[in-house]
Amino acid sequence: KQEVTQIPAALSVPEGENLVLNCSFTDSAIYNLQWFRQDPGKGLTSLLLIQSSQREQTSGRLNASLDKSSGRSTLYIAASQPGDSATYLCAAPDPNTGFQKLVFGTGTRLLVSP
Amino acid sequence: DAGVIQSPRHEVTEMGQEVTLRCKPISGHDYLFWYRQTMMRGLELLIYFNNNVPIDDSGMPEDRFSAKMPNASFSTLKIQPSEPRDSAVYFCASSSGNNEQFFGPGTRLTVL
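Taken in order, these protein sequences are the chains called D and X. Quick note on our numbering: the first sequence kicks off at 1 and runs consecutively. Quick note on our numbering: the second sequence kicks off at 1001 and runs consecutively.
It is worth saying that the hints were derived from the structure and are not from the lab. From the three backbone atoms N, C-alpha and C, an ideal C-beta is built for every residue, glycine too. Mixed in with the good hints there might be a few duds.
Unchecked claim - A few chain X residues that face chain D, going by a derived Cβ cut-off under 7 Å, partial list only:
hint, residue
1, Y1031
2, G1042
3, L1043
4, N1099
5, G1104
Claimed, not checked - FRET-style restraints, in silico, Cβ to Cβ:
hint, chain 1, residue 1, chain 2, residue 2, range
6, X, K1078, D, T45, 22 to 30 Å
7, X, P1081, D, R72, 22 to 30 Å
8, D, V20, X, E1018, 26 to 34 Å
9, X, S1096, D, P40, 27 to 35 Å
10, D, T97, X, R1085, 34 to 42 Å
11, D, R61, X, G1042, 24 to 32 Å
12, X, V1053, D, D39, 27 to 35 Å
13, X, E1014, D, S113, 38 to 46 Å
14, X, E1083, D, P95, 41 to 49 Å
15, D, A78, X, P1081, 49 to 57 Å
Start from the sequences, fold in the hints, and give me the full structure.
Okay, structure coming up:
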């Protein structure tokens, strides 16, 4: 069964810092991985979907990488801003139950201080 | 596109009452997912549909929960009878099959 872990659980940084959020997964027989953002009391917003063939995907100040061999993905946020404060979740498919079924990590709660 | 639409946004009910949550997926998406999020258990998949057919309902907690998708643009999640431990935020999501899921704003359910 796929298991997804995110480290750290919480992160507090001053505005302007570059930061890395980590995600690890146990079953590497996946062909993509998705990163989401969740603001308090809101739904999940899709940030990036990385295909295993791409290894990296970029959107604005966000860059996500995927290394299937090591079972890891990272989300890099450049020049962080207070508006980036949110919980970031990664989700990987569970190959054993069909690739449509996503398994979510518990998230990294990010606070960017002005 | 308006995105995934869920109603109601908030629901407060008393134990034993029937609760129906509604979802309209993004037009053209052929997968629909129902999730539940709590502080204790995080985000859990309850059931998902493909082309209106339930594919995996192994996450449905018990017989009190049921879900239907009568057509490509509408799905319901019903809890009957509701219990206080069902209090959570329920999300609906849809995808076009490339595995990128788009979530609705959620329904916050409180069962007293």
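Hint by hint, here is what the structure shows:
1. Y1031: With a closest approach of 6 Å, the Y1031/X hint holds.
2. G1042: Holds, because the Cβ-Cβ distance from G1042/X to chain D comes to roughly 5 Å (cut-off 7 Å).
3. L1043: holds, 4 Å
4. N1099: holds, 5 Å
5. G1104: holds, 6 Å
6. K1078/X / T45/D: 22 to 30 Å: Check passed, 27 Å falls within 22 to 30 Å.
7. P1081/X / R72/D: 22 to 30 Å: violated, 44 Å
8. V20/D / E1018/X: 26 to 34 Å: violated, 47 Å
9. S1096/X / P40/D: 27 to 35 Å: holds, 29 Å
10. T97/D / R1085/X: 34 to 42 Å: Once the Cβ atoms are compared, 25 Å apart, the range 34 to 42 Å for R1085/X and T97/D is violated.
11. R61/D / G1042/X: 24 to 32 Å: Because 27 Å falls inside the window, the suggested range holds.
12. V1053/X / D39/D: 27 to 35 Å: Between V1053/X and D39/D, where Cβ atoms are some 33 Å apart, the hint holds.
13. E1014/X / S113/D: 38 to 46 Å: holds, 42 Å
14. E1083/X / P95/D: 41 to 49 Å: The hint (41 to 49 Å, Cβ to Cβ) is violated, given that E1083/X and P95/D are roughly 34 Å apart.
15. A78/D / P1081/X: 49 to 57 Å: holds, 50 Å
In this structure, the earlier hints numbered 7, 8, 10, 14 are contradicted, and the remaining ones agree with it.
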